[in-house]
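Required output: the full structure, derived from the provided sequences and hints.
Position 137 of the sequence shown, counted from 1, bears residue number 137 in UniProt numbering, the numbering being contiguous throughout.
The hints are simulated quantities; they were obtained by calculation from the structure and are not laboratory data. Hints are supplied without guarantee of correctness; some may be wrong.
[What the hints assert, rightly or not] Beta-carbon label-pair distances, calculated as ranges:
no., residue 1, residue 2, range
1, Arg211, Gly102, 35 to 41 Å
2, Ala159, Gly194, 40 to 46 Å
3, Asn126, Ala92, 21 to 27 Å
Glycine included, C-beta positions come from ideal geometry on N, C-alpha and C.
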Amino acid sequence: MRLDHVSFAAGPDGLASTAQRIGGLLGTDFVDGGIHPRFGTRNMTLPLAGGIYMEIVEVLDHPASDKAPFGQAVRARSALGGGWLGWVVSVADIAPIEARLGREAVKGNRHRPDGTELLWQQIGVNGLLSDPQLPFFIQWQSPAELHPSNGATGDFSLATLEIAGDPQRVSEWLGETVEAPLEDVKVEWVAPNGTPGIVAVQLQTPNGLVRI
1 MRLDHVSFAA GPDGLASTAQ RIGGLLGTDF VDGGIHPRFG TRNMTLPLAG GIYMEIVEVL
61 DHPASDKAPF GQAVRARSAL GGGWLGWVVS VADIAPIEAR LGREAVKGNR HRPDGTELLW
121 QQIGVNGLLS DPQLPFFIQW QSPAELHPSN GATGDFSLAT LEIAGDPQRV SEWLGETVEA
181 PLEDVKVEWV APNGTPGIVA VQLQTPNGLV RI
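Dropping the structure here:
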């Protein structure tokens, strides 16, 4: 179990403008990640050091976005003006998570602009919808060389996650201590009585630390 990526919902100005704005703050460009046809969303990604990446995602005017929990989550966050959607943990075998949560994972895929298709399974987005401090789980089915973190130069890395919430609640959700998937990332638990979820992410860049 390890941190896979962090997800930011585009604001009212749309995916491209949001990616350009955040990329400008970081001093780099996001790349077009393609469309998630099952979820009615699309993303742009930034590979980070340590096998982690950041995505900016927007909902499409597509029936899937009304049915899929992930599409619903993106739509709801964007409707609030955009911002941090959540964090995602990858696992080697999603079956124990299915057993613990009492439901099956859903299949996910997206087509990159070059035609490459990425495949995975995910579970737990309903948990994110009800309690945004909780991550959801992903098991990649595509080979490791296609992971969106590939291409990272080492110049950009995830330094700190600022999460409003309760680490004990998150540990119960994970089925193990919250430190396990976050061993290489500093976590600051803030505003325990505030609205739960990611408050900010600090990224190390060639120009220093940037808080988004």
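Checked hints:
1. Distance hint check: the CB atoms of Arg211 and Gly102 are about 38 Å apart, consistent with the given range 35 to 41 Å.
2. Look at Ala159 against Gly194: about 22 Å separates their beta carbons, and that is not inside 40 to 46 Å.
3. Checked against the hint of 21 to 27 Å, the C-beta distance between Asn126 and Ala92 comes to roughly 22 Å, which is consistent with it.
In summary, the one numbered hint that this structure violates is 2.
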